[in-house]
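There are 2 protein chains.
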Amino acid sequence: MLKDLSLSKVYQLLEPGPVVLLTTAWQGRVNVMTMSWHMMVEFEPPLIAGVVSSANYSFAALRATKECVIAVPAVELASKVVKVGNCSGRDVQKFERFGLTPAPAERVAPPLVAECFANLECKVTDARLVNKYNLFVLEVLKAWIDPAQKYPKTIHHHGCGRFAVDGEMIKLKSRMR
Amino acid sequence: MLKDLSLSKVYQLLEPGPVVLLTTAWQGRVNVMTMSWHMMVEFEPPLIAGVVSSANYSFAALRATKECVIAVPAVELASKVVKVGNCSGRDVQKFERFGLTPAPAERVAPPLVAECFANLECKVTDARLVNKYNLFVLEVLKAWIDPAQKYPKTIHHHGCGRFAVDGEMIKLKSRMR
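Protein sequences appear in the order of chains S and Y. Heads up, the first sequence is in my numbering, so the first residue is -15 and it goes up one at a time. Heads up, the second sequence is in my numbering, so the first residue is -15 and it goes up one at a time.
It should be emphasised that the hints constitute simulated quantities derived from the structure, not laboratory data. Check each hint, because a few of them may be wrong.
If chains are identical, the list can't say which one is meant, so a pair holds when it fits in one copy or spans any two.
The calculated DSS-like cross-link candidates involving lysine-lysine, where the alpha carbons are at most 30 Å apart (straight line), are [unchecked claim]:
{"id": "1", "residue 1": "107", "residue 2": "157"}
{"id": "2", "residue 1": "67", "residue 2": "137"}
{"id": "3", "residue 1": "137", "residue 2": "-7"}
{"id": "4", "residue 1": "50", "residue 2": "116"}
{"id": "5", "residue 1": "155", "residue 2": "-13"}
{"id": "6", "residue 1": "134", "residue 2": "155"}
{"id": "7", "residue 1": "155", "residue 2": "67"}
{"id": "8", "residue 1": "-7", "residue 2": "64"}
{"id": "9", "residue 1": "157", "residue 2": "64"}
{"id": "10", "residue 1": "64", "residue 2": "50"}
{"id": "11", "residue 1": "155", "residue 2": "50"}
{"id": "12", "residue 1": "157", "residue 2": "67"}
{"id": "13", "residue 1": "134", "residue 2": "116"}
{"id": "14", "residue 1": "50", "residue 2": "67"}
{"id": "15", "residue 1": "134", "residue 2": "-13"}
{"id": "16", "residue 1": "116", "residue 2": "137"}
{"id": "17", "residue 1": "157", "residue 2": "134"}
{"id": "18", "residue 1": "155", "residue 2": "107"}
{"id": "19", "residue 1": "126", "residue 2": "155"}
{"id": "20", "residue 1": "155", "residue 2": "116"}
{"id": "21", "residue 1": "126", "residue 2": "116"}
{"id": "22", "residue 1": "137", "residue 2": "157"}
{"id": "23", "residue 1": "-7", "residue 2": "126"}
With the hints as constraints, model all of the structure from the sequences given.
Here it is, written out as structure tokens:
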């Protein structure tokens, strides 16, 4: 059972730079891709920038529908996350092939990924840098968290299939939000 | 002694989402800030997008000079990185205060941070999203690596001074670059 997450906390999920999944729905097909090129742009309402290559099957869907879900997987899903990134939605029904469970979103057509510990329902709010850089600015409309996954460790891509898994957590006296 | 890093490998430094330092030089003053909102946009020449809040002292310098250095600190610098983020260049000469060593860059005026394991000399190449989102697109002109720091562990901000330190490295069979 997924639970509401306050939009004010969304930045804490993406600011650390985890590899994420991105889902789309277009012309009767859902798809999922792997994405590492994303960042926070604003706290609240949460804005995210993300690069979806025009070579990706998801690009046309995202540009046409202006909707996606960003799902954050923990390390237990690492092997599936890489397999999702190794093939294209042109050829493969990836949810079925890799045993991922699409779950209905509330505000957008693309599905949540039930196995992920967080899911962010997004719409495209700025497409000015899409033609030149494939860079989309997204607004998070609704956020979900899986309370059963208490201390999820995320993965961070260092290129060529090498990933750093979250290790020790440290706390420093910070005025930073 | 810093060493050249091939521009084709720059993405492997920033794609994992480390907290970084950003230096500027303007009107006879150098400054350094802490940044977590950045992402890769293109492999080569490497393009990076980064958000520098207009509330930051560095904003005006970056907008006016169109130059900065992005320096990547390892966990040993975490305490200094947070202190840099807790104060403003308006009030503090941060390099001196926190014992960081500015080193001359080759292609830009802002200094490298000698203690960081990687330094990227950057120029602003697209400012279209600056007014609305404080989002700069940067091109990396020159990259440096410190070969003495062999397995640097980076830190990833989870909000409010909590950081995940890089843990285990895993390798999965990937077609992803």
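Can you name, in rising order, the numbers of the hints this structure does not satisfy? Of the numbered hints, 1, 11, 13, 16, 18, 20 do not hold.
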